[in-house]
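Once you've looked at the hints, dock chain Y against the given chain U.
There are 2 protein chains.
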Amino acid sequence: MGASLKDVAQLAGVSVKTVSNVVNNYPHVTPAMRERVQRAIDQLGYRPNLTARHLRKGRTGIIALAVPELGNPYFAELAGAVIDAAARHDYTVLLDHTAGLREKEVLVSHGFRAHVIDGLILSPIELETSDLLARPGDAPLVLLGEREYDAPYDHIAIDNVAAARTAVRHLSGLGRQRIAFLGARREMARQPAHLRLRGWREELAAAGLPHDETLVAATDGYGRWDGAAAMNALLDRGARPDAVFAYNDLMALGAMRALVERGLRVPQDVSVVGFDDVEEGRFSTIALTTVSPDKQSIARLAVERVVARLTGAPQLEPERIRPGYTLVARESTAPRTA
Amino acid sequence: MGASLKDVAQLAGVSVKTVSNVVNNYPHVTPAMRERVQRAIDQLGYRPNLTARHLRKGRTGIIALAVPELGNPYFAELAGAVIDAAARHDYTVLLDHTAGLREKEVLVSHGFRAHVIDGLILSPIELETSDLLARPGDAPLVLLGEREYDAPYDHIAIDNVAAARTAVRHLSGLGRQRIAFLGARREMARQPAHLRLRGWREELAAAGLPHDETLVAATDGYGRWDGAAAMNALLDRGARPDAVFAYNDLMALGAMRALVERGLRVPQDVSVVGFDDVEEGRFSTIALTTVSPDKQSIARLAVERVVARLTGAPQLEPERIRPGYTLVARESTAPRTA
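Those protein sequence lines, which keep their order, are chains U and Y. Read in order, the letters of the first sequence are residues 1 to 338 in the UniProt record's numbering. Read in order, the letters of the second sequence are residues 1 to 338 in the UniProt record's numbering.
Because the hints were derived from the structure by calculation, they are not lab data.
Straight-line C-alpha distance at most 30 Å; calculated DSBU-like pairs for lysine-lysine: (1) U:Lys6 x Y:Lys6; (2) Y:Lys295 x Y:Lys104; (3) U:Lys104 x Y:Lys6; (4) Y:Lys295 x U:Lys104; (5) Y:Lys104 x U:Lys17; (6) U:Lys6 x Y:Lys104; (7) U:Lys6 x U:Lys17; (8) Y:Lys17 x Y:Lys6; (9) Y:Lys17 x U:Lys104.
In isolation and in its complexed conformation, chain U is listed as follows:
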């Protein structure tokens, strides 16, 4: 496939090392030398295949990160953290989004673009354990997110049941008694382990509050619009919640918008808690109370697991790693006034 590094070095009359330095954009090359090497590169139409450092180990220096949706700021913020963490290990991130579709998640996890990536960090929605077990090759794969799998891969996710319980406990501690859950899946059979919903149920039981299933709103998606629609549906059917725990911040923000539109006061009439701690919740005109997963740790741990497997520890036992989380109380929750 055309010219080699050596050809370039010969034509430019410099060492292969110097060409490699230019190609890798190392800072200690003089502009004149850079110019000279670049001329030879252009003349030969040379295209370096791999950076020298990764090349020696047969790597590309690229980790793929596949998320369901970039439009959700949680994933955008997480992607930013992964890019920064990867850069500290001299890796670049190839970002892909799957729209949360099983077909796309299979494609990504089974090695789509495998020729340019060394490892994969995947936050799946619909992927099944059987898909993971059928995965070809042995490129490192680290899973993120709520879904639980019985497959030999690292999985980094906060304890979603416990975190959801913390959110509901915050609401019951404020005297709230009719606590709704927004964001159940319509087809529960396809996702038995809906951990945040389970946390809601468990905590209501622990607090001695009845769990009235009319207070659970199923949704098709996980965006602002879905949160607003679910809130309206709950109110339309007369569920009369005095608090709402939403699957994520976007849905919580959509729900707040719907409540305000109907003349209900947040937090007095209905208190609202989200999940994710995206920046927009902090700056909302009614600042949002939320469960804040440690996104920096999630990103750092994911990259470290991939890099560890690429650099001498491929036989590492798959691990279930649980980063921390905190409840951040802001203006959208307040005590019930009788």
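Chain Y only, in chain U's frame:
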């Protein structure tokens, strides 16, 4: 570097085309055949270098997109649109963020990771024309965003002066007379073409409104926090605006938050207009009026220019392309009540 496609085909006892089909994950391969080829691939440790399709043309099938910040939903939404547009041309997107730093923008535009990308779409902040003129190689580069350059590259951006004038005209049409601008750069010398600020000035003059420079707030960044801080600074120095035009939606949302915290009513006391039309502005408890650039067109045009240059039209004249925009009036702006 190890085994070839041919070696794999030989060991598996199938055609090179079949191996290529498996490697590229094409759907019309039976599971048994996929298994058979995969065994040979694993046995030989074969690593495909390029997908067959791009390989024939010496390409990797990857376009890089470099944006200043993924945490800003405008860029996250734009990235989603670019990924979709690229997929329609069978390209994957390598996403990088530059933090808006000249050093990082130079690195990216001068061919960092050039070995894995066919072309680059860059939204620069601090990059200078001289940096672009010194760019080595001839990989397609398309520029996005507000900065204007005198360099031979495609540049896709809405008419920022005209769009800013539309926003200010909306406010003056509502009877607003003291219209502030949030988001000027502190070091104006480094960015003479601050187009949105220029649009603000021009439209105030056209409307016969005085442009009181105490109504211009400089900021260090372009986030929610910067908008809130700038708004507070304006109010602290007694500037008494009855309207605010912010550089972008994030700053507008931060400004609204600051206004509400100080007991001012939006839109009655102070009307607010943003720029970008990010989804969160639509769902804010006070829905945000904004200038909405046609993000889908920007993404589509950027990808099309890169692909056109890669497929037979490398000598295309560089073009300045101006996608459309609209003003979307929502709840954050209303007529002045005397």
